[in-house]
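2 protein chains.
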Amino acid sequence: MKRTALLAAAAALGALPLPAMAAAPQAVEAQQQFPPLFAAEIERAKEFVDGMIAEGVVVPVPKDPGGGYTHEQHKRNYRAIQLGGQLFRVTGEQRYADYVGQMLLEYAALYPTLGDHPARANQNVGRLFWQVLNDAMWLVHAVQGYADIRDTLSVEDRQRIDDDVFRRAADFLSVDSQRTFDRIHNHATWATAGVGMTGYLLGDQDMVDRALLGSDKSGETGFLRQTELLFSPDGYYTEGPYYQRFALLPFMVFADAIERNDPGRKIFEHRGGILLKALRTTVQLSYRGYFFPFNDAIRDKSLKTAELYEGIAIAYGQTRDPTLLSIAEYQDRTVLGANGLQVASDLAAGKAEPFPFRSLLLSDGPDGKQGAVAILRRGEGPNHTALVAKNSSQGMGHGHFDKLAWQLYDNGNEIVRDYGAARFLNIEAKEGGRYLPENTTWAKASVAHNTLVVDQRSHFDGDVDVASETWPEQLYFSDAEGLQVSSARIDSAYPGVVIRRTLIMPDVPGLEAPLVIDLVRADSADPHLYDLPLHYSGHIMEFDFAPQSHVANRPVLGEANGYQHIWVDAEASLDDGRGALTWILDGRFYTYRFDSNGPLTAILGESGANDPDFNLRREPLILLRAKRGNGAARFASLLEAHGSYDGAAEQTVASRSRVENLEHDVIDGSDIVRLTLKTGQRFAIAVSHDPDPARAHSVSLGGDRIAWTGFAAVVALAGGEKRK
Amino acid sequence: MKRTALLAAAAALGALPLPAMAAAPQAVEAQQQFPPLFAAEIERAKEFVDGMIAEGVVVPVPKDPGGGYTHEQHKRNYRAIQLGGQLFRVTGEQRYADYVGQMLLEYAALYPTLGDHPARANQNVGRLFWQVLNDAMWLVHAVQGYADIRDTLSVEDRQRIDDDVFRRAADFLSVDSQRTFDRIHNHATWATAGVGMTGYLLGDQDMVDRALLGSDKSGETGFLRQTELLFSPDGYYTEGPYYQRFALLPFMVFADAIERNDPGRKIFEHRGGILLKALRTTVQLSYRGYFFPFNDAIRDKSLKTAELYEGIAIAYGQTRDPTLLSIAEYQDRTVLGANGLQVASDLAAGKAEPFPFRSLLLSDGPDGKQGAVAILRRGEGPNHTALVAKNSSQGMGHGHFDKLAWQLYDNGNEIVRDYGAARFLNIEAKEGGRYLPENTTWAKASVAHNTLVVDQRSHFDGDVDVASETWPEQLYFSDAEGLQVSSARIDSAYPGVVIRRTLIMPDVPGLEAPLVIDLVRADSADPHLYDLPLHYSGHIMEFDFAPQSHVANRPVLGEANGYQHIWVDAEASLDDGRGALTWILDGRFYTYRFDSNGPLTAILGESGANDPDFNLRREPLILLRAKRGNGAARFASLLEAHGSYDGAAEQTVASRSRVENLEHDVIDGSDIVRLTLKTGQRFAIAVSHDPDPARAHSVSLGGDRIAWTGFAAVVALAGGEKRK
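Chains as they are written, first to last, in the numbering used here: chain B, 1 to 724; chain H, 1 to 724.
Hints may be right or wrong, so weigh each one.
[What the hints assert, rightly or not] In silico SDA-like pairs for lysine to any residue, Cα to Cα no more than 20 Å straight-line: (1) B:Lys304 <-> H:Leu37; (2) H:Lys75 <-> B:Val653; (3) H:Lys266 <-> H:Asp209; (4) B:Lys75 <-> H:Gln651; (5) H:Lys75 <-> B:Ala649; (6) B:Lys75 <-> B:Gln94; (7) H:Lys75 <-> H:Glu106; (8) H:Lys304 <-> B:Gly647; (9) H:Lys351 <-> H:Gly379; (10) H:Lys75 <-> B:Glu428; (11) H:Lys678 <-> B:Gly647; (12) H:Lys75 <-> B:Ala654; (13) H:Lys678 <-> B:Asp206; (14) B:Lys351 <-> B:Arg377; (15) H:Lys266 <-> H:Leu213; (16) H:Lys304 <-> B:Lys217; (17) H:Lys678 <-> B:Tyr69; (18) B:Lys277 <-> B:Ser326; (19) B:Lys75 <-> H:Ala648; (20) H:Lys304 <-> B:Asp586; (21) B:Lys266 <-> B:Arg320; (22) H:Lys678 <-> B:Glu428; (23) H:Lys627 <-> H:Gln651; (24) H:Lys304 <-> B:Val653; (25) H:Lys46 <-> B:Ala649; (26) B:Lys678 <-> B:Asp704; (27) H:Lys304 <-> B:Ala649; (28) B:Lys217 <-> B:Asp234; (29) H:Lys277 <-> H:Asp171; (30) B:Lys304 <-> H:Gln651; (31) B:Lys678 <-> H:Ala429; (32) B:Lys304 <-> H:Gly647; (33) H:Lys217 <-> H:His270.
[Unchecked claim] Which residues of chain H face chain B? A few of them, derived with a C-beta cut under 10 Å, are: (34) Asn426; (35) Ala552; (36) Trp583; (37) Leu604; (38) Glu650; (39) Trp708.
Since the hints were made in silico from the structure, they are not lab data. Heads up, the beta-carbon is just placed ideally off N, CA and C, and yes, glycines get one too.
Take these sequences, add in the hints, and give me the full structure.
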């Protein structure tokens, strides 16, 4: 009987392929044979759970909101239940089973007494926590630990915990909180995962069906529908990488349970294997281990995060893809289950292969038709180049007003940067660790991003509802070696203004890599003030214009929409619309060289104005301002990496741009950027905007005849060696 | 005959204990047996020299100043001569000897035609270079390479190079440039090293004697005298760590040659082994591999520098000290000689032991009586805590006006920072890579340092001649575990003002480490305005005062003496002279809490004003301003490290100070700092300033009876647990 129950539990939640329930000495012996990563995980879990055991079982009556004592204690408890159960299964030590059992009996005493949480903040109120989301997270974790020890309990205790904890919790989430449960939303994923896993453990098919198909079992909502609607066909989650990581956990954990209990569903093959695709996409959305920080994102969030320890282990369990092992190696963590053991064993056996970071286009929206995120990569390893073009949809409440924005990573650093969220997570002095007011006034504002700003207002006037209705159109994408391209347009960010941006990463003979050509065009029937900011990282080396400098009294750029947070260091009137700025970062030089279709004002500035609480980071930017009476603005720029500075060796190479001149013209709809190098060599980057790869194009320009085929090309022009 | 010459050369400059002159196949075989570090060094040298060989011998007529083409080419040439000779000796490949011989024959053709360099900048004019210093460096390097290949030359060629290159160069340095040669100065060390090594190689005892004893052979000047006067008895070089590293090379290289040619001199035992002591002191003057950047220093200069590859190898050759191997391991470099091979072999044999970084007092001045640098260390490994108290003398032209300044390193970072030099070494756009104007207007100014500034003027009014005449007095130093102390005073930085600063690193129960108590007292018969800046690294979390903020129009703090470079973010009037500021750096929180003997203005600012060329880094500071009509200012502060922030795990611990209150009193000449923790625990840090360790002291203060013995103590006070 006991053995049967154990097998049921094991089937429900993933038995370890080791002598589960082994007597302690054997277990210890076995433990010594665990691969290092798994053994370390056991030690880490023991340290936490042993500490909890030493404190005694503490199950307080719910009272505090997020961050408060009862909130944090119930969070610690669900971790202890999960890890305690896993430790029991791995080590066979009865005290872990006893502890988890005692803890759950305390919850059995508490749970029936609970109504709405007293610190409810909105209609999504929980029982143990102020928000129903946290109650769902509690259930997802606790049901895993319970499965591991349920068999060790007396019939009475088991019944009591089944009924007074898990059935009640599942009932609360799926019936009392049906509104949340039946949403197509990440919060509902947690709820359906908790309820579904409880159903499997208790053998309650009704519960399972409601979790999978929604509370009316129609399939219009529920977990399966969520897998179809919350990710794009490319496995992209619309809120962005930071939240994609968070959203992934319940998907992966519940899918793992479905696969074991109901293998006929082939859940990991559902919708073309969307869940495994989403896992890999999550990893692709990172550079040097850190997630691209666009939208509301904590910048120091990396692949080293609990959600991805589970995710990588489960995906590896399904696929045995050796490239996932290198991610586990980077994480230096895994989970205490069969999948984690497999990861640790195969890692120890040297089976890891490099994860194939690559260029790719990630469509957004359930049907893949709500814009896209384009990633252009060049080179290998941690210092490779990555360009991110953000042509995706709003991203629900956590999106920023940054259509067609971009970022560039090179040499291990974020060169053209995204601010991320204005938030100091869990730091009490900073608004209790919540999003700061500056998240709205700065971090979400268009001018805080590398995007075009019209008339000093944010895209969609900063209205999230309006912004959620439309998105950019990805016009073209190419990952062709030596000439990668992303091109997109949007006509809804500003009424009556069509904006198109084409980002190209070409190889040009005589210049180092990376190079980025950025073509921004805006068209409108009305006159507008166009601002194109570039938020870069580094220290200014030089610029080729003579600005008016505000060196003794530093003014602010504007009044609202983020402009109030920009200090103005200097501003220059560039009658010919051209200029260049060079900075250094981490031993590498970068020159941003630009040309526009008329006069520009170049503004050198820094974030951090109107910030009495020092909530903002202070980071430099250059803003190109174009007043265009005819409504048509053209910006063409080249971001050129060059040279190196080695302070230790006191060696400096090519600290100055290798480019002499950049000229931009538009002829017959084609963009032509002509570069003259200091060597005298001349090249054109020609862009037809015509996706037909076979179509031939040619233009004549100032004596140059420029001919190419397809969307874009680098064309060598006549012109001798000017300098040695 | 040839064999004899080789032996002479070997004796002169350090033969490798390997089959020198072996036929190529044998050499290749031997090479394969070299330890990894040495083999890598061979590869690196080959890459450079093979590239030079491919370019052909290029010996241009001298024309350009520092950084220019002919300057850089002659620098590359002396590297190629040195490395080419070493490669010939190691690999036996004749082409290296041929190349070096051809190069030197070109120099033999050129040298007799040379007069003063056309780009002479001052009276210290060179021949190959614009400055005689560079000519000396050329000789030190070239003579080593020549020694390695001299034996392979025909008699005629050898005679020609002896006479037309080396005798002429030695003559130029020691006779034509006698003024430099006979200085007690680092430039003379290079000159005497070059001349002396040439003397050994050519068997010219007169040349050797002049190098060792000065051109009049009296011993009043020359290399030996330099070892006696340029380092303090503790092996500290007065210009500071950055220049100490640079100065060390000719000392070590020439000493190595002396030891081999003239072992009876026991040069490495001279003056109590000062050269080896200086080498170890150089290493001690670093944190995480980077030199303390006080005085004119390039901040990214680390132990990974050519001078120290030689220095470590030579010192290891002399001492076989296994702790030097760990430095070589960090450097991941060595040199292509016998010493380097020994380092690489023993490193490969696993003989390395950790270098004993420790607390120590480094006296300054030839007699050790010109102040001192005190280093207080706590903990082990790269993240240990290090406090640097700069109570040393001016440091010749490269010193800053920063008497009694301090720095703090913790958790791998510089928490309380020194700006270093305002210079972008070798970066053309930044004044050709020379010291920037801001080096004088900001980097050297007192207010740019963590020191007391009186009446908004720099120490010694910024006059280097005045500053060079006096120095602080180190009053006390203790490296006692749990209560390390440095105390010093100066009465000459400002006429009529006596300043005393005591820095204490105590352990206090209930608080984390590190803690720093900083006591600054200034006394004068006249009223003064006292400014105490703290240049910290980090992002502000909170402060406990309500300042007037300049959030929309940022003014500058002052007009001159560095004040013109400080932006004012906010200023607060603190009537009780107390306040606290918390910042975060790299996942660790730091609170600076202070109390003064009267009202303070606390100014939150940032460097970077009046800097139209963006030459300065923008770094935060807090400045405490005390107007004291009676001339007596007292500042007491606690810098408290606390808690942690882990963005990846989303965990924050103790983001707020654990201290409730700090009160400072002076009673009977003793400083008493009373701390009340948030737990209610109370402690006093009591400082008698009496160095007698046995003397008992006691004071009564507001109901507390505080008794201790010796200079300072942490005393527990009555006071219950206030909070849980």
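Hint check:
no.	hint	verdict
1	B:Lys304 <-> H:Leu37	34 Å, violated
2	H:Lys75 <-> B:Val653	15 Å, holds
3	H:Lys266 <-> H:Asp209	16 Å, holds
4	B:Lys75 <-> H:Gln651	13 Å, holds
5	H:Lys75 <-> B:Ala649	14 Å, holds
6	B:Lys75 <-> B:Gln94	23 Å, violated
7	H:Lys75 <-> H:Glu106	15 Å, holds
8	H:Lys304 <-> B:Gly647	10 Å, holds
9	H:Lys351 <-> H:Gly379	23 Å, violated
10	H:Lys75 <-> B:Glu428	57 Å, violated
11	H:Lys678 <-> B:Gly647	45 Å, violated
12	H:Lys75 <-> B:Ala654	18 Å, holds
13	H:Lys678 <-> B:Asp206	54 Å, violated
14	B:Lys351 <-> B:Arg377	25 Å, violated
15	H:Lys266 <-> H:Leu213	15 Å, holds
16	H:Lys304 <-> B:Lys217	67 Å, violated
17	H:Lys678 <-> B:Tyr69	18 Å, holds
18	B:Lys277 <-> B:Ser326	17 Å, holds
19	B:Lys75 <-> H:Ala648	18 Å, holds
20	H:Lys304 <-> B:Asp586	17 Å, holds
21	B:Lys266 <-> B:Arg320	17 Å, holds
22	H:Lys678 <-> B:Glu428	16 Å, holds
23	H:Lys627 <-> H:Gln651	43 Å, violated
24	H:Lys304 <-> B:Val653	19 Å, holds
25	H:Lys46 <-> B:Ala649	18 Å, holds
26	B:Lys678 <-> B:Asp704	19 Å, holds
27	H:Lys304 <-> B:Ala649	8 Å, holds
28	B:Lys217 <-> B:Asp234	27 Å, violated
29	H:Lys277 <-> H:Asp171	32 Å, violated
30	B:Lys304 <-> H:Gln651	13 Å, holds
31	B:Lys678 <-> H:Ala429	16 Å, holds
32	B:Lys304 <-> H:Gly647	10 Å, holds
33	H:Lys217 <-> H:His270	18 Å, holds
34	Asn426	4 Å, holds
35	Ala552	5 Å, holds
36	Trp583	9 Å, holds
37	Leu604	8 Å, holds
38	Glu650	6 Å, holds
39	Trp708	35 Å, violated
In summary, the numbered hints that this structure violates are 1, 6, 9, 10, 11, 13, 14, 16, 23, 28, 29, 39.
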